[in-house]
Structure formats: C-alpha cells, structure tokens
Amino acid sequence: MATRDIPNVDGDGAANLPGFQVELARDEPMRLDSGETIGPFTMAYTTSGTLNADKSNAILICHALTGDQYVVESHPLTGKPGWWESMVGPGRPIDTDRFFIICVNVLGGCMGSTGPRDINSETGEPWGLDFPVITIGDMVRAQALLLDHLGIDQLFSAVGGSMGAMQVLEWAAKYPERVFSVVPIAGAARHSAQNIAFHEVGRQAIMADPDWRKGNYLKEGANPKGGLSVARMAAHITYLSETALHRKFGRKLQARDAVSFGFDADFQVESYLRHQGSTFVERFDANSYLYITRAMDYFDLAAEHDGILAGAFEATNVRFCIISFTSDWLFPTEESRDVVRALNAVAANVSFVEIETDKGHDAFLLDEPEFYQTVSGFIEGVAEHRGVGVKPEQSAK
Amino acid sequence: MNVGDGGISANDGGHVLKRRDLEIIAGMIADGSRALDIGCGDGALLDYLVHRKNVDARGIELSQAGVNSCVAHGLSVIQGDADTDLAYYPDHAFDYVVLTRTLQATRNPRDVVSQLVRIGHHAIVSFTNFGHWRVRLRLLTEGRMPVVGDDGYAWHDTPNIHLCTIRDFSLMCEDLGLTVRRAISLSRSGEGRELKSAGAAANLRGEEAIFLLTRE
Numbered sequence: 001m002a003t004r005d006i007p008n009v010d011g012d013g014a015a016n017l018p019g020f021q022v023e024l025a026r027d028e029p030m031r032l033d034s035g036e037t038i039g040p041f042t043m044a045y046t047t048s049g050t051l052n053a054d055k056s057n058a059i060l061i062c063h064a065l066t067g068d069q070y071v072v073e074s075h076p077l078t079g080k081p082g083w084w085e086s087m088v089g090p091g092r093p094i095d096t097d098r099f100f101i102i103c104v105n106v107l108g109g110c111m112g113s114t115g116p117r118d119i120n121s122e123t124g125e126p127w128g129l130d131f132p133v134i135t136i137g138d139m140v141r142a143q144a145l146l147l148d149h150l151g152i153d154q155l156f157s158a159v160g161g162s163m164g165a166m167q168v169l170e171w172a173a174k175y176p177e178r179v180f181s182v183v184p185i186a187g188a189a190r191h192s193a194q195n196i197a198f199h200e201v202g203r204q205a206i207m208a209d210p211d212w213r214k215g216n217y218l219k220e221g222a223n224p225k226g227g228l229s230v231a232r233m234a235a236h237i238t239y240l241s242e243t244a245l246h247r248k249f250g251r252k253l254q255a256r257d258a259v260s261f262g263f264d265a266d267f268q269v270e271s272y273l274r275h276q277g278s279t280f281v282e283r284f285d286a287n288s289y290l291y292i293t294r295a296m297d298y299f300d301l302a303a304e305h306d307g308i309l310a311g312a313f314e315a316t317n318v319r320f321c322i323i324s325f326t327s328d329w330l331f332p333t334e335e336s337r338d339v340v341r342a343l344n345a346v347a348a349n350v351s352f353v354e355i356e357t358d359k360g361h362d363a364f365l366l367d368e369p370e371f372y373q374t375v376s377g378f379i380e381g382v383a384e385h386r387g388v389g390v391k392p393e394q395s396a397k
Numbered sequence: 001m002n003v004g005d006g007g008i009s010a011n012d013g014g015h016v017l018k019r020r021d022l023e024i025i026a027g028m029i030a031d032g033s034r035a036l037d038i039g040c041g042d043g044a045l046l047d048y049l050v051h052r053k054n055v056d057a058r059g060i061e062l063s064q065a066g067v068n069s070c071v072a073h074g075l076s077v078i079q080g081d082a083d084t085d086l087a088y089y090p091d092h093a094f095d096y097v098v099l100t101r102t103l104q105a106t107r108n109p110r111d112v113v114s115q116l117v118r119i120g121h122h123a124i125v126s127f128t129n130f131g132h133w134r135v136r137l138r139l140l141t142e143g144r145m146p147v148v149g150d151d152g153y154a155w156h157d158t159p160n161i162h163l164c165t166i167r168d169f170s171l172m173c174e175d176l177g178l179t180v181r182r183a184i185s186l187s188r189s190g191e192g193r194e195l196k197s198a199g200a201a202a203n204l205r206g207e208e209a210i211f212l213l214t215r216e
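Residue numbers (my numbering), protein chains in the order written: chain C, 1 to 397; chain B, 1 to 216.
Because the hints were derived from the structure by calculation, they are not lab data. Don't take every hint at face value.
In the SDA-like style, the derived pairs of lysine to any residue whose C-alpha atoms are separated by at most 20 Å in a straight line are [what the hints assert, rightly or not]: (1) B/K53 / C/L32; (2) B/K53 / C/R92; (3) C/K80 / C/R92; (4) C/K248 / C/E270; (5) B/K53 / C/E380; (6) B/K53 / C/R386; (7) B/K53 / C/E384; (8) B/K53 / C/N349.
So the derived label-pair ranges between C-beta atoms look like this [stated by the list, open to error]: (9) C/E334 / B/D151: 30 to 40 Å; (10) C/H246 / B/H156: 32 to 42 Å; (11) C/E85 / B/W155: 25 to 35 Å; (12) C/S86 / B/H162: 40 to 50 Å.
Quantities reported herein were computed from a predicted structural model and do not represent experimental measurements. Cβ atoms here follow ideal geometry from the backbone N, Cα and C, with glycine treated the same way.
Based on the sequences and whatever the hints tell you, model everything.
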C-alpha cells in the first residue's frame, strides 16, 4: 500500500470500518456542480492487489446506488461477501494478482465517505438536508482528488455497473487523460424519465414516513425505516425481470397452504421484498438514498454539449467496452447503444457487447459466464496494448 | 493471446490467417494504419492486423455471438449492421474500411459502398463472383440456382439477397465515380490474379474478387 491513511473519526463508528479513510480538499474546498463548495471531506475506500512501481496498474471500481467500497472483502455490517467478488479477486476477470483495485464509497454515501448523516463541523450536528446536493460529476471529482492523493496519474481502467457506469462515463468524458480504458456496464449517458419516476416514488416513500422528520431524524433520534424500506422494495423490482421473478416465486405462497384473506405476506414474492427492505435499512441511510438517487436523476452527459452526446467524447483516446443485458428494462440496451453511436461519431475505440440473460438489471452482479469472458478479454486486450498487468507466468519467461 | 476458434490459428504464437482472401486484404493494409472491418465474423482479420501489422483495427459484426467472441479475445468490436450503422461514423475516420463477403447480404449495397469510401480513405470489398463459369454452367445445364462458397445456402434460405458479378460491381463503382486502385480475382485454388480490367475473361474465371477503391 502506497499510503497510510488514518481512519478518520467522525463520531459515527466509521473509525472502525475496514479499509482506509482520508480527508481531502483540506487546503481548498472542492467546487460542486450546484455552485456550492465542500471541504474538507472524507473519502472511505478499500484497495486490493499491489500498485506497481510506475502506478500504471490501478483499476477503479465504481459502485452502484446502494453499493459501497466493500467490493472484494466481506461487508463489515452484514458480514456478506464482497458485492463483486465473483468479478474482482485473484484469478478473476479483474485480477487482483495483476491489478491494484480501488473502490471508493461515493461522496454523499453512508459507509465512511462524507454524506448527509455526518456531522457538519459548523453546527456540530448531522448535515441532514443542509448537505449540498451532489452530482455524478461531483462524485467523480472527489474520486479524482483521491487519485491525486494516491499519486496515480492515470487509471488502467474504470469499471462500474448502473450508477457505477455513469461515473465511469463521467470519468471518460471529463478526465480522458486519466483513464486508459473504461467499462460502463448496464448504464446510460443520462437518466431516463422512467428511472427518474421510480426514484421519485422511492424518495416520496421516505419523505412520507413521519420518522423522516423533514430530514432531521438523526437529530431527533428517529429513523424512517418504513419509508426507506418501501423505497428499496420498489427499486428492487426494477432490478429484476418479470421472467426472473416468475421463475423464483411464481404465485407460490409463503409458509401457508391457502391465502389468508388479509394483508399479510401471503405470497413468497411479498415476503422476499419485505426482507429486502428490512435488511437494507440496517445498512443504509435514508437521506443518503435521497441524495444519491438525485445525483443519478441529474446525470445527462449530453446536456453540456447542446444535447449532442458525441460532444462529450470529442477526440477521445480512451478505450471503451460497453456492456448491456437483454432483459435489463431499467437501463435497456438501447441506452448503451446510444453511447456506442456517439462514440462511433468520434471514431472512438469501442467494443459493445449485449449479454443474453433473463436476470434483468442485476445481471451485472450475478454469475454470467459470457459477461465475465467479455470483461476478462477486454482487460487482456487493453493490458497487451498498454503493456501492463502482464500475467505472472508470461513475465517469468 | 491465443485464439483457438474459427479462422484464427493458435500456432506460431497465433495471429495467422487461414483464408487466402484475408491474406490478400491484409497485404493491402499499411502497417500502423487505422482500419474498420465490417462483418468481421470471428475476428480473424482484426486479430492479424492488430498483432502482426500494428493496425488500430476495429470491427462491426451483426451476430451477437461473433461480437462477444471477438471482445472476449481482446478485439474492439461492436454489434451493428452495415446497412444502418455506418451513417454514424465521421468522414475519413479510417485509412481502410473492409467489407469481406458481406456486400451480398446488405439491403442496399450501393449505399453501403458509398459509406465505405466516405468513412475510409480506402475501401476494400470482397465478394463471390456470380459471373464465374461454374455458376453460369449450372444455371444453363441444370436450370437451377447456383450454390456457391463454403456455406452452400439453397435459394430459399440464403441471407445473400444482392448477388453480383465482377462486371456488375465494376459498373457500379464506375457509376459511383470511384477509382479502382486494385482488383484481384481468386480462383478456386486460391490463386490470385491482378485484374487489368474487369474483362470477360476475369468475370468467367474468378470465383471471388477483391477490390481496393477510393473516392479520389
């Protein structure tokens, strides 16, 4: 490890989180897209593998809406395995024996990076809704500051699914000299009206919970668990497909032989969703959920270029590998294809693969052999081109 | 990198071309140039160009299985359709745009060829020559539609909807105002013959033809 970042105590037990925490923007606050500034702020991150001497083998993994930095190691709160340990690890498509993996909890998150539940030093109380609204651009700007801190000029690659794909595209658009390649998976260059609509349902569920207390629940010792749970349940449906839900649950009843003629969780699918909701609230902050969903809603890479997406990638040298899934109705293939067309319009180096699966948006987190082959082949091709991350047995020759 | 399937050989460190037409096409492409292979199939030509000629080579392939296999082998390939997706590329983005054994399956070959010379400084097009004597003979003696090439499609199941002869293709190029830099006909044994003109003899003897075209 090149750095010895010290756990940053923020009074919320975050000091006990595995991984690293570093305070950034200490000398000069960071500008946000909203026009406000933030700083100093904390970024919590994990690393795996070893950074090579010329710091050319770093891969940034960008997590999704409710993800965090525990991509490989088990989660400190839930004890579950790393959320992408099938993709990232020794001998995996993103091979920690060859690459140095960095995964950062996003700005506005609730796993150690500064977010709305942290203490605002000016008031001595949790930020709540006084926390500035952040964007995908702000998240990436903060990640760039972390790379500065780590002394990494250029990432070998930035890889991410869903909101992670948005960050990865933002990296390519705003810092093309700092990413040699990017792998946006199940993503889009802008959040669609349908997706904004789903997010609004989730936010309204949280804000309708009396325990939300206009965002001041931490100060008032409450927790809008019901609202956040409903938000999660609704969102979770959008991550699956009709086929996958039907295969898993059908109309099967939950621990009973007949319907109850009441409003218990008669059906297995109801029980499953309630479980998803109730476990989620144990590890996620309701205000963070508001802020991060908002960041996704505001994302539109073409907006700064008069609606012409190609303008965001003019003269890019970044190598792109864009991946979508056939049954993903949240970020359908057509969204990825729009990005591909924009990249073709600037003759960028782009690969585009659509993976056949019935598992919906969540397919990027699940075992899909063809998906792994795609990522692994792309990384291999880039490694060959870049001359780094050569397989150990080859370098031994 | 070893690529074991399809037309790519894993021997000799890999990156060997097995198809004679691809060898000839690769010979037309300058080292270190930029090339786009439309209908790149299993990526044999791309693999060769990238590794043997240091070409910045990209591909477009209609079949998703072909695309996924190419990308899994480290090649830059997207899923796309020659008829619809070429319009998104800017003018002269590539030194060479290659279309091998694909023109006959496009809906509008004339537009596709126009796109090739717009996107690339050079276009390389290969196709099966339906003016070959064997094709003519079958139609004449058996009264049946010719079956050509390795795929052996019957008339009712072929994806090849716009078949042409060397002479037909030459006339279309002339009509489009294109310059034929080189034209090569290939015999069944894979023997290449440089065509001075798309004369009657070439149109009879060539099973396959490769044209190098420019707009200039």
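For the range 30 to 40 Å, tell me whether the beta carbons of C/E334 and B/D151 fit it or not. This hint holds: roughly 31 Å between Cβ atoms.
Between B/K53 and C/R92, does the CA-CA distance stay at or below 20 Å?
-> violated, 31 Å
request  = Verify the proposed pairing of B/K53 with C/R386, using a straight-line Cα cut of 20 Å.
outcome  = The given pair, whose Cα atoms are some 17 Å apart, holds under the 20 Å limit.
Would the pair B/K53 and C/N349 pass a check requiring their Cα atoms to be no farther apart than 20 Å? holds, 17 Å
For C/H246 and B/H156, compare the CB-CB distance with the range 32 to 42 Å and indicate the outcome. holds, 38 Å
Agreement of C/K80 and C/R92 with the hint, judged by alpha carbon distance not exceeding 20 Å: holds, 19 Å
Q. Do the alpha carbons of C/K248 and C/E270 lie within 20 Å of each other, as the hint requires?
A. holds, 12 Å
Q.
Hint check: B/K53 vs C/E380, CA-CA at most 20 Å. Holds or violated?
A. Given pair B/K53, C/E380 holds - Cα atoms ~19 Å apart, limit 20 Å.
Margin query: Need the status of pair B/K53, C/E384: alpha-carbon distance at most 20 Å?
Written below: Satisfied, since the Cα-Cα distance of roughly 15 Å is no more than 20 Å.
* Straight-line alpha-carbon gap B/K53 to C/L32, limit 20 Å -> At roughly 46 Å apart (the allowed maximum being 20 Å), C/L32 and B/K53 break the hint.
query = Holds or violated: 40 to 50 Å for the Cβ distance of C/S86 and B/H162?
reply = holds, 46 Å
Are C/E85 and B/W155 spaced within 25 to 35 Å by their CB atoms?
violated, 53 Å
The structure fails to meet hints 1, 2 and 11 from the earlier list, while all remaining hints are met.
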